[in-house]
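Each chain, written out:
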Amino acid sequence: MTAKKRQSLFFNFQKKYFKENVIKILLIIIAIFSIIVIFSILFFLVRESYPLPTDIWTFLSGEKWRPTSANPQFGAYPLIIGTLLVTLGAMIFAVPLSVGSAIFISEIATPRIRSIIKPIIELLAGIPSVVYGFFGLIILVDWIHDGFGVPTGETWLAGSIILGIMAIPTITSVAEDAINAVPRHYKEGSLAMGATRWQTISKVVIPSALSGITAAIILGIGRAVGETMAVLMICGNSPIIPEPIWNVFTPIRTLTSTLGIEIGEVPFGSGHYHALFGVAVLLLIITLIVNISAVYILGKIKEKQMALGKKKKKSRISTEILYKIKRGFKAIIILFLLMFCYLIGGLVFSAIIITIGAILFFILKKISQKNIQKISFTIVIISIIIVLSILSILLGYIIFNGSGALNWEFLTAPHRDLGRQGGIVTALLGTLYLAAGAIAIALPVGVGAAIYLVEYTKEGKITKIIRTAADLLNGTPSIVFGLFGFAFLVLFLGWGRVLLAGQITLAFMIIPTVLRTSEEALKSVPQSIREGSLAVGATRWQTIKRVVLPPASPGIITGAILGIGRAAGETAPIMFIAVTFSAFWPTSFFEPVNALSYHILVLATEVPGTEAKAAAGGAALVLLMLVIGFYLVAILIRNYYSKKMKW
Amino acid sequence: MSKGEYIIETKDLNLWYNEKQALIDVNLNIKPNKVTALIGPSGCGKSTLIRCFNRMNDVIPGCKIKGHVYYHNKDMYEPKVDAVEIRKKIGMVFQKPNPFPKSVYENIAYGPRVQGINNKKKLDEIVEKSLHAAALWEEVNDRLNESAIGLSGGQQQRLCIARSLAIEPEIILMDEPCSALDPIATAKIEDLINELKKNYPVIIVTHNMQQAARVSDYTAYMYLGKMIEYGETKKIFENPKEELTENYITGRFG
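Taken in sequence, the protein lines are chains H and C.
Each residue of the first sequence is one higher than the last, beginning at 1 in the working numbering.
Each residue of the second sequence is one higher than the last, beginning at 1001 in the working numbering.
Hints listed in this document are in silico derivations from the structure and should not be mistaken for laboratory results.
Worth double-checking, as some hints may not be accurate.
Said to hold, decoys possible - Just a sample of chain C residues kept apart from chain H, beta carbon distances all over 10 Å, derived: (1) Arg-1163; (2) Ile-1167; (3) Asn-1208.
To be verified - Each pair of labels, with its calculated beta carbon distance range: (4) Glu-1243/C - Lys-545/H: 50 to 56 Å; (5) Ile-1149/C - Phe-39/H: 42 to 48 Å; (6) Ile-385/H - Trp-1016/C: 54 to 60 Å; (7) Ser-528/H - Tyr-1017/C: 15 to 21 Å; (8) Ile-1149/C - Thr-412/H: 46 to 52 Å; (9) Gly-299/H - Trp-1016/C: 50 to 56 Å; (10) Asn-1018/C - Leu-337/H: 24 to 30 Å; (11) Leu-636/H - Asn-1018/C: 52 to 58 Å; (12) Ile-1065/C - Ile-32/H: 27 to 33 Å; (13) Leu-636/H - Lys-1122/C: 39 to 45 Å; (14) Leu-636/H - Asn-1033/C: 52 to 58 Å; (15) Leu-364/H - Pro-1183/C: 30 to 36 Å; (16) Met-625/H - Tyr-1017/C: 50 to 56 Å; (17) Ser-202/H - Ile-1149/C: 41 to 47 Å.
Stated by the list, open to error - For lysine-lysine, the following DSS-like pairs were computed, each having C-alpha atoms within a straight-line distance of at most 30 Å: (18) Lys-464/H - Lys-1020/C; (19) Lys-545/H - Lys-1011/C; (20) Lys-203/H - Lys-366/H; (21) Lys-1031/C - Lys-24/H; (22) Lys-1031/C - Lys-523/H; (23) Lys-24/H - Lys-1234/C; (24) Lys-461/H - Lys-1080/C; (25) Lys-366/H - Lys-304/H; (26) Lys-187/H - Lys-523/H; (27) Lys-1234/C - Lys-461/H; (28) Lys-19/H - Lys-1234/C; (29) Lys-1197/C - Lys-24/H; (30) Lys-300/H - Lys-1020/C; (31) Lys-1197/C - Lys-1034/C; (32) Lys-1031/C - Lys-1234/C; (33) Lys-1102/C - Lys-1080/C; (34) Lys-1096/C - Lys-545/H; (35) Lys-1096/C - Lys-458/H; (36) Lys-458/H - Lys-1011/C; (37) Lys-1034/C - Lys-302/H; (38) Lys-461/H - Lys-19/H; (39) Lys-19/H - Lys-1122/C; (40) Lys-1020/C - Lys-304/H.
Where a beta carbon is used, it is the ideal one built from N, C-alpha and C, also for glycine.
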């Protein structure tokens, strides 16, 4: 060691530290970006909703939504009720099936069956909502129309069923994670005392996973509230309140579909325009509340698991009183259910329900634990079978119906005669452009923010805020991103409907996905590896670049592919900011493009004739294969490397 | 070594993890070209102390340090001192072998590479020399390009030692380097330490007192974050001054 070299030991004004500092500052800026986005969304929506054409109270409680009549009325009450009802219906349908499926996957299935079913359910999450809408419009609506003899099948019921199917994968996978996270020794402790498997599941596993399951359901609600395309296509879109309130065969309209239908044609600056942004603010507030509660619950669980929480405060209520409260609560619920039965079917109906309930209660008391286990397992297995058959009917129909339209011309020619003739090449290309542009923006931002969060900060207030902002962005309905893009890019910056506006909007939408998956990937690299690198005198950035990023890259790539798939399948955020039903190739970023999802929407809802429906079916199949293809690749990469990467 | 007979000196070193104090007024002088062992019961702060010597505690969130650690008579905790430069001079081997998921060759070449050495010939030389010094060359010279994850635990740990030697450190820190190894692998590492001390001062944390007695010249006994006794290993083991030390040593030997 020369004396000179040792001198430099205590000074760090070397050139490479300049680079280190620049990288760090860059990453900070990127990380704060997600906070900026969520605040600017809020800002622009609120700004554009001012002034509302009526006072807030009339806006919230008025029962008439007639924005374009000679004497316009802006009462959003039926829209709020529509949103709540359709979501409620979806949950009644989806929650039992999802929780049953989650129990099956994590507790009953053999590892082999689990490894097949789990990715299938995750694939369900990848199906674009416009494809669900198309299926609902062509098949489900007809079934309801014929099966129940109602004037139109485009009803609350149809919307709830489709939304329920769409919420199943979300609820199932989050609930499954929660059940899986229950420590093994809990189960073993219960089994060792002679409890049956079902007793263990119902008395130990489910109660300890309960808050996670609750969060799963809340996330499912968020998904249903924010969904636009499917409800727009199949709910009938009449802004009325069902009469009586439980009449599931009424056409209804939600907050999201109102935005989807009306924002494209509204005169800028009119009362109607401001009212629509008011609706968007309302929607955003509802979903923010829903998502904050889910994030809060999941955060609490994580704290508990990592045992970071402060010492538990002793409950001031004694267990005895708690037990009484629980019993009282149960009684109230039963009473409530009875009243509900009475309202629906009158006295005779509720008498029948009571008898059945009582008989069931006594039978359950009599039969052995072994038989209860059998019955319960059967119910759980039935629910997973229902979920899988729904998936196969859906996929089977899309494939069977769409494959007839597929041929070389369909894939390579632009469309003619309003899409009845010709192909879909401009739509396909537009979708690829949109997705590619979105990921090109979202990947550096998402990965940069993730690196900052994992590698540069200590856990604290700032990281918490950034993470929460990302989670909230993740749960924000896609149509809200669309409105933001519309207000900011199309109108405020004056770009008009252009490709670039769509790419940026979609990028904002998928940044949270990329950020969160990258974060998980970075965290899975063990700390000891970082220390090993730092201990030989590598700088922080050298460590990240050479030691942390290589093993994390499969996870990051998975996130990116999921983001691409999501961007390719979306309709709502781009339909009034980037796309037209165009048969031409775009030549610059400042021209509108066509997109597959939009192509399907137009053919299915606006162009009459069977040829249009056939072409829509073909386009739906292509979009499905494209998106599912992306998801499949992502899942395969993840599974391949999760086996390979053992530390 | 310039002036001063100690290579590392701590003065009134205090350390907290959030509110919990892990080191209390530690004063310790490390002599050059000797093996110094830090012993004590679990949680006494010996690992924490050794991580102070190359500023690895900087990585841990919520860690606060008060006091001084002098390296060549300069305080390494002064604000303008660069932790990266410190770590280039003071190598470290961790409790669990932590090779990078790269080839054997790349693991050793990593340190020189991040310091800007990219000459292939030079790197080959360094890799061979370091593997020889870590007594691993004979076992791995035919599979330099295979993943280091495939080596046995003992080989991985010697690879980590070779990795720290590749940057030509002035001191080597070892944090319970044998705790994850079997007795045969442990014996090899101990032989290696005896070799290494000809060229490098070694500071080793161990919970195995026979090991401390076998390999070290000086021993420091710590208890509840305090430095209880420090002196020549022979004296500490045969004739401890403090009752606490004696209890610990005799208790362990039975």
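When the structure is checked against the list of hints, which entries are broken? Sort them ascending.
1, 2, 9, 10, 11, 15, 19, 21, 22, 23, 25, 27, 28, 29, 33 and 37
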